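Each residue of the sequence shown is one higher than the one before, counting from 0 in numbering that gives the first Met the number 0.
In short, the hints are calculated from the structure, not lab data. What you are looking at is a predicted structure, and each value in this text was computed from that prediction instead of being measured. Mixed in with the good hints, there may be bad ones.
Unchecked claim - Computed spacing ranges between beta-carbons, pair by pair:
id, residue 1, residue 2, range
1, Thr174, Gly194, 15 to 23 Å
2, Asp164, Pro39, 57 to 65 Å
3, Val140, Gly94, 29 to 37 Å
We put the beta carbon where it would ideally sit given N, CA and C, even for glycine.
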Amino acid sequence: MRAKMLTAGILVLALAGLCPAPPIGTEFTYQGLLFERKKPANAVIDFQFVPYDDYNDLDPNVGLQVGATFEANDVNVVDGHFTLALDFGSTVFDGNTVWLETAVRPGSSTDPNDFVTLAPRVKIRPVPYALQTRGMFVDDVGNVGIGTTSPSEKLHVVGSIRIIDGNEAANRVLTSDAAGVATWREPSAFGLPRGVIVMWSGTVASIPAGWALCDGTNGTPDLRDRFIAGASHDDGGVAKTTVKGVPMQTGGTHDHRLTQAEIPSHTHTIRYKSSGHGTPGSDIFASRVSGSEHYQATGSTGGSVPHENCPPFFALAFITRL
Numbered sequence: 000m001r002a003k004m005l006t007a008g009i010l011v012l013a014l015a016g017l018c019p020a021p022p023i024g025t026e027f028t029y030q031g032l033l034f035e036r037k038k039p040a041n042a043v044i045d046f047q048f049v050p051y052d053d054y055n056d057l058d059p060n061v062g063l064q065v066g067a068t069f070e071a072n073d074v075n076v077v078d079g080h081f082t083l084a085l086d087f088g089s090t091v092f093d094g095n096t097v098w099l100e101t102a103v104r105p106g107s108s109t110d111p112n113d114f115v116t117l118a119p120r121v122k123i124r125p126v127p128y129a130l131q132t133r134g135m136f137v138d139d140v141g142n143v144g145i146g147t148t149s150p151s152e153k154l155h156v157v158g159s160i161r162i163i164d165g166n167e168a169a170n171r172v173l174t175s176d177a178a179g180v181a182t183w184r185e186p187s188a189f190g191l192p193r194g195v196i197v198m199w200s201g202t203v204a205s206i207p208a209g210w211a212l213c214d215g216t217n218g219t220p221d222l223r224d225r226f227i228a229g230a231s232h233d234d235g236g237v238a239k240t241t242v243k244g245v246p247m248q249t250g251g252t253h254d255h256r257l258t259q260a261e262i263p264s265h266t267h268t269i270r271y272k273s274s275g276h277g278t279p280g281s282d283i284f285a286s287r288v289s290g291s292e293h294y295q296a297t298g299s300t301g302g303s304v305p306h307e308n309c310p311p312f313f314a315l316a317f318i319t320r321l
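Just need the whole structure built from these sequences, with the hints factored in.
Shown next, in the form of structure tokens:
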């Protein structure tokens, strides 16, 4: 059988997984004009279609088969015209060029060796690629892949995502309402507000993004090497405490030398003799002598060193949410 296919038109009829209506499959219509001995064919013909990834006029055998062989038997060809619905599934159309090889045989034959391969292979034009838009892949069960041809979920993205709804800003998070509609929101809208201070058990160098050490910079209070006293009220727009009798925001020292007023009231016992000047080695001379009076003091002791008043502690960093 000498056969020649002069032209072929392809019309896509499916948009699998991209339409809100029920899926209509991955079929597309293939129309052609078949000639036999230079005349339009009028016969019952069996068709065989094989998709390939390449074609070269100088080497008709180049390329690899990329999909299953599709057969259509006993097709009624009238005046050379035929119309077929081909379906290779969606995996064949992965964004790369696909070439379609066609073979025909008489419809009365059941011998696979009777198929005659027509040349050249036909390049499938972009229209069927409506099944797979550039960079996006839809598999046979409707899973959509962006950056991947093996989506495991209804939407599977490999790479960065940019979502703009007019509310986007640094350090915001994407949240969903009860209807599943997502929007960018401040974390304070559902969690910790800006200004909250917590203790961080990690290193100062490993403070997480969106948080800062309370070191007196960037509008933070300087809580380094300090204990915290609970504020009781606002004074002049600042939260203060009265632990020392007057409203204050900060206070205290790292060390302290006791003043005389801070020493508890006490006495020192002095032994002395009731008469005479005493004898050498005695504690005090008790008798009056002529002239001015003389006073004696006890010996001095102590080093005026600041005393330790710090309770047991464990150091953690105070951090605040920006």
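Results for each hint:
1. Thr174 / Gly194: 15 to 23 Å: The hinted range 15 to 23 Å holds for Thr174 and Gly194, with Cβ atoms some 20 Å apart.
2. Asp164 / Pro39: 57 to 65 Å: holds (59 Å)
3. Val140 / Gly94: 29 to 37 Å: violated (19 Å)
In this structure, the one hint that does not hold is number 3.
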